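K.L.:
Letter by letter, the chains look like this.
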Amino acid sequence: MSRTTRRRIALSLAVVVAASTAAACGSSSSGGSSGSAGGSGTYTVWDPYPQFDGSSDWAKLLDSCGTRAGVKIKRTAFDTTDLTNKTLLAAQQGNPPDVLVVDNPVVSTLADAGVLTSTAENKIDTSQVEPNLLAAGQLGGKSYGIPIGANTLALYYNKDILKAAGVAPASITDWASLTAALAKVKAAGKKGITFSAIGTEEGSFQFLPWFWGAGAQLTDLASARAVSAVTLWKDWLKKGYAPNSVINNTQTTSWQEFATGQYAFAENGTWQLANAKKAGFGYGTIAIPAASGGTAPAPTGGEFVTVPTQKDTGRYSTSDAIVSCLTDAKNLLATDTTLSYVAPTTAVQDQQVAADPALKVWVQAVHAAKGRTSDNLGTKYPKISEQLWDAVQAALTGSKSPKDALSAAQSAAR
Amino acid sequence: MNTTAQMPDASAAPGGDGPAKPRRDPAGTGRGTPRRPRSPQWAAWGFLAPVVAYLGLFYAYPLYRNIDLSLRDYTVRSFVQGGAPFTGLGNYRTVFRDPTFAPALEHTVVFTAVSLLFQYAAGLALAVFFSQHFRLSTTLRALFLVPWLLPLIVSASTWSWMLNSDSGIVNSTLGWAGIGPVNWLTSPSWSLASVIIANIWIGIPFNLVLLHSGLQAIPATLYEAAALDGANAWQRFWKVTFPLLRPVSAVTLLLGLVYTLKVFDIIWIMTKGGPSDSSTTFATWSYRLGFGTLLPQFGPGAAVGNILVVIALAFGLVYIRAQRKQMSS
Amino acid sequence: MSAHSHVGTRPPAVVPRWTRKRQGRRTWWKTAVGLVLTAVMLFPVYWMINVSFTRDQDMRKSPPDLFPTHGTLHGYRLVLDQQLPYLGTSRAIGLGTVAVTVVLAAPAGFALAKLRPYAGGVVGFLMLAAQMIPGIIMAMGFYAIYLTLGFLQSVPGLIVADSTLAVPFAVLIFTAFMAGIPGELLQAARTDGAGTIRTFWSIVLPMSRNAIVTVSLFAFLWSWSDFVFASTLDGGGAHEPITLGIYHYIGNNNQEWNAIMATAVVASIPAALILVLAQRYVAAGVAAGAVKD
Chain A
1 MSRTTRRRIA LSLAVVVAAS TAAACGSSSS GGSSGSAGGS GTYTVWDPYP
51 QFDGSSDWAK LLDSCGTRAG VKIKRTAFDT TDLTNKTLLA AQQGNPPDVL
101 VVDNPVVSTL ADAGVLTSTA ENKIDTSQVE PNLLAAGQLG GKSYGIPIGA
151 NTLALYYNKD ILKAAGVAPA SITDWASLTA ALAKVKAAGK KGITFSAIGT
201 EEGSFQFLPW FWGAGAQLTD LASARAVSAV TLWKDWLKKG YAPNSVINNT
251 QTTSWQEFAT GQYAFAENGT WQLANAKKAG FGYGTIAIPA ASGGTAPAPT
301 GGEFVTVPTQ KDTGRYSTSD AIVSCLTDAK NLLATDTTLS YVAPTTAVQD
351 QQVAADPALK VWVQAVHAAK GRTSDNLGTK YPKISEQLWD AVQAALTGSK
401 SPKDALSAAQ SAAR
Chain B
1 MNTTAQMPDA SAAPGGDGPA KPRRDPAGTG RGTPRRPRSP QWAAWGFLAP
51 VVAYLGLFYA YPLYRNIDLS LRDYTVRSFV QGGAPFTGLG NYRTVFRDPT
101 FAPALEHTVV FTAVSLLFQY AAGLALAVFF SQHFRLSTTL RALFLVPWLL
151 PLIVSASTWS WMLNSDSGIV NSTLGWAGIG PVNWLTSPSW SLASVIIANI
201 WIGIPFNLVL LHSGLQAIPA TLYEAAALDG ANAWQRFWKV TFPLLRPVSA
251 VTLLLGLVYT LKVFDIIWIM TKGGPSDSST TFATWSYRLG FGTLLPQFGP
301 GAAVGNILVV IALAFGLVYI RAQRKQMSS
Chain C
1 MSAHSHVGTR PPAVVPRWTR KRQGRRTWWK TAVGLVLTAV MLFPVYWMIN
51 VSFTRDQDMR KSPPDLFPTH GTLHGYRLVL DQQLPYLGTS RAIGLGTVAV
101 TVVLAAPAGF ALAKLRPYAG GVVGFLMLAA QMIPGIIMAM GFYAIYLTLG
151 FLQSVPGLIV ADSTLAVPFA VLIFTAFMAG IPGELLQAAR TDGAGTIRTF
201 WSIVLPMSRN AIVTVSLFAF LWSWSDFVFA STLDGGGAHE PITLGIYHYI
251 GNNNQEWNAI MATAVVASIP AALILVLAQR YVAAGVAAGA VKD
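In the order they appear, the protein sequences are chains A, B and C.
Mapping the first sequence onto the UniProt record's numbering, position 389 (from 1) lands on 389, and the numbers just tick up by one.
Mapping the second sequence onto the UniProt record's numbering, position 212 (from 1) lands on 212, and the numbers just tick up by one.
Mapping the third sequence onto the UniProt record's numbering, position 175 (from 1) lands on 175, and the numbers just tick up by one.
Just so you know, the hints here were simulated from the structure itself, not pulled from any lab data.
This one's a predicted model, so the numbers in the text were calculated from it and none came from an experiment.
All residues carry an ideal CB built from backbone N, CA and C; glycine is no exception.
Be aware that a few hints might be false.
Far from chain B, by Cβ distances over 10 Å, these chain C residues were calculated [as the list claims (entries may be wrong)]:
id, residue
1, Tyr76
2, Pro85
3, Gly96
4, Gly120
5, Ile137
6, Asp192
Result set (SDA-like, lysine to any residue): computed pairs, CA atoms no more than 25 Å apart in a straight line [as the list claims (entries may be wrong)]:
id, chain 1, residue 1, chain 2, residue 2
7, A, Lys403, B, Phe101
8, C, Lys61, A, Gly284
9, C, Lys61, A, Gly240
Taking CB as the label site, the calculated pair distances span [to be verified]:
id, chain 1, residue 1, chain 2, residue 2, range
10, A, Ser171, C, Leu84, 52 to 60 Å
11, A, Asp220, B, Ala177, 45 to 53 Å
12, C, Arg77, A, Ser171, 40 to 48 Å
Only chain A is shown next, with the shape it has when bound in the complex (with noise of 0.2 Å):
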């Protein structure tokens, strides 16, 4: 998932996390009710999607597993930032679930923090996944985890408004046509685009097709690709192009901004099919351009199914079979077509496609998309997402130039 679109809503719900409990010497044992220690024949799982209750079609497959692996399910959903933060409080007590169902990106942090086991441990078959989709749960060269699904960012358009402003959406295959489109869009009253540059990771989520579409590195945030990128950005807004609200937009805000038929543009993912098919108006979809011509990478976004270390080391297997079952080509097909994501295999990917060829866009999409802790950038990459996400906002409301923004952040991010 994009991982961070209701990070705003969850942070008043609060979190907790870390600070207090810490403790190292802290009390480890077993004793509690709601961790793994529930009961021989019960197994935990904790997931990010509160939205499916108990008598979703999500719930009854994670029991129908539990039934197939012999043991029975208790599962809890956590909202997503609640999630991570419950994990590692629920590690530091001894107490975390058998299977955690958690946003890629945390996959490294948590892993580092020693609160995963690597596929080599709990013997998670992960040889069907796409590499790409993979990276993004690897770390030192071992994988914590199996996607369950991927979702990235693409262009949605609205037909109507390029009809009438007399753009053709298959013109669109680089920045200059792009704002050239934008232009246009404006001249006929109309507005051009919108996007999320919020101050979160989802900000930094958003921005990372036009920053690696310039050819940029996150190693080195203060190039001159990357300058390009976020003066891409500064010029929209500039010329009125893109509202100013983006900068405190979700991408939840940004979709209803869409949705209101004004935009001939937004940048989102996959998950909003379902509703751009509500939206009331013709819709499209095409790939992000690169800088000069060609797909720009996206982020990947969407969750692992993880294997939290246990002290029993023998409840592996049964949550080897559980993690199996949820991930076999089958329950692949039908988790991912709820969530609106893009199968992490191809066999499953061709049966989508088969199913809606208008996924045919997002697949290929998910094909170009690379991890945000990919190229062993791993846990320095919230870092320099952080700094990224400041920078941008920064040039984005005057109050640095892209270029000085930019060096500022590669010298914090270091």
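Given chain A, work out where chains B and C should sit, using these hints.
P.N.:
Showing chains B and C alone in chain A's frame:
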């Protein structure tokens, strides 16, 4: 907090000395306390023990953890596995040297002072207004509390909705009035003002309720006497209401200060402390360090949180000293 | 400006109805001003209601609609289907929190105000410090303790946690109010042979009605709208408070804002009614108490 306790008695004194001459001077009782035989300590502590046990049980551990976190160099790994090295004040030094420190301090001061001032002034004005009895006065006063029934996530999101640069109701209202759009949440020069406005709105009910209770505790005879002396409504307010309300005002302001210092959800939901840290306060900074990114920095986050606790305690001491002085004078 | 005659013999904690006689036709303009002020204050609440009825495609319409002209009941349909049982849980938690808070704080306030315990000042100061601990830190502490005790996802556990929002505040308030009770009254009771407990129960508590009401009100409101403790300690439990209902509409990529706002509206209606009724009762109760004296 004996001093606090005595405060209402002590400050009732001006009323007693004034023209009102109620039959019994409420202040006299306060003055009489030294002569009163001390209750046996076991009785006093018997009444106090449950709450002290409660404090120890539920507050001591989190507070201890927060201090421990701020004194060690925690990584995510050592948070889970243990063994974080003790670094003394290292995290505090890191925080002081951080370029965010100065702006965060400034924003914290401005946010707190401006919020308090307006919340208190509005709360007092409304309390005085609603303590007059007119049709619907109690119902309307009750309705003023409705904002409190909403989870902060909802009220803060609603504000963020209304203040949106492009589709917000505030900007379209300004537009009808011929004023250009203001980038409430997305401009570094307005974001702090926006979160202050929302925070004042949220704080008014609190001030209204406390000050209204305080108003009710003022004996009517004082107003009666003041009116007989020819004081008009304005004079009655400044000569009777305001001085007699001082103890309640002090508690209200102190609590308001404590609550305002730790406000973070409103700011976080509306602006995330941005853009470019322009609405970052210590509370949001602490949250951002500890929870706002994918890689938590527990140590510095806890250090910032503890700085806030110290600031609040400093004000608490000032308050207690002021009370003492007032009593002895 | 005549006041009720009882005032002089009452401790200060009595409502002076000093304007009552003037009530009547001459106050209609005050009602008007009151209505306007209330309308301004509640505008954001109205806006929340407006959003709760808004269709997805109109959420960010520019300029926004002042009324949900193309309203949808989608959000309410979801909420009424899924959320009503949670209201009872919220009420139970709210009342439980009020009880815990008053039971703990009233005696402490009495002790601090009137009994002058050793180190009372220190306790009062700790009370202040306690309130400064960020909610998240508190919630995390509770989470760790409850995890070990197996107390997670239980209503009593949540009541105890929610009470920490109100107890220090309540002690301060009780202390300030009870300090205003005349010492002679207590002394007279003692002369009559009443012990400390009896004095507290039959004299101090009844005279602190105002403080009890204020404290109860805050305790109830805080626990009713609490989200932090609920989501940390009760998430996924069998009995969840209504604020957690919001989770149903926070998908992992998308938020259904009309349903989120509808949840908040549905959650606040019963509480708002209680509030209005309580205020009337309180006003009447205080007046009655005054006459009795």
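K.L.:
Each hint needs a verdict: does it hold in this structure or not?
P.N.:
Results for each hint:
The Cβ of Tyr76(C) sits about 15 Å from the closest Cβ of chain B, beyond the 10 Å cut-off, so the non-interface label holds. No Cβ of chain B approaches the Cβ of Pro85(C) within 10 Å, the least distance being about 18 Å, so the stated non-interface status holds. The non-interface label for Gly96(C) is consistent with chain B: the shortest C-beta to C-beta separation is roughly 15 Å, beyond 10 Å. Non-interface call for Gly120(C) relative to chain B: violated, since the shortest CB-CB distance, roughly 5 Å, does not exceed 10 Å.
A beta-carbon of chain B comes within 10 Å of the beta-carbon of Ile137(C); the shortest separation is about 5 Å. Distance check for Asp192(C) against chain B: the nearest CB is about 16 Å away, which clears 10 Å, and the non-interface claim stands. Distance check on the hinted pair: Lys403(A) and Phe101(B) sit about 24 Å apart at the alpha-carbon level, within 25 Å; holds. About 21 Å separates the Cα atoms of Lys61(C) and Gly284(A), which keeps this hinted pair within 25 Å; it holds.
As the CA atoms of Lys61(C) and Gly240(A) are separated by approximately 17 Å, the hinted pair is consistent with the 25 Å bound. Separation of Ser171(A) from Leu84(C) is about 53 Å and conforms to the stated range, judged on CB atoms against 52 to 60 Å. Separation of Asp220(A) from Ala177(B) is about 48 Å and conforms to the stated range, judged on CB atoms against 45 to 53 Å. A hinted range of 40 to 48 Å for the beta carbons of Arg77(C) and Ser171(A) is consistent with their spacing of about 43 Å.
Comparing the model with each earlier hint shows violations of hints 4, 5; every other hint is respected.
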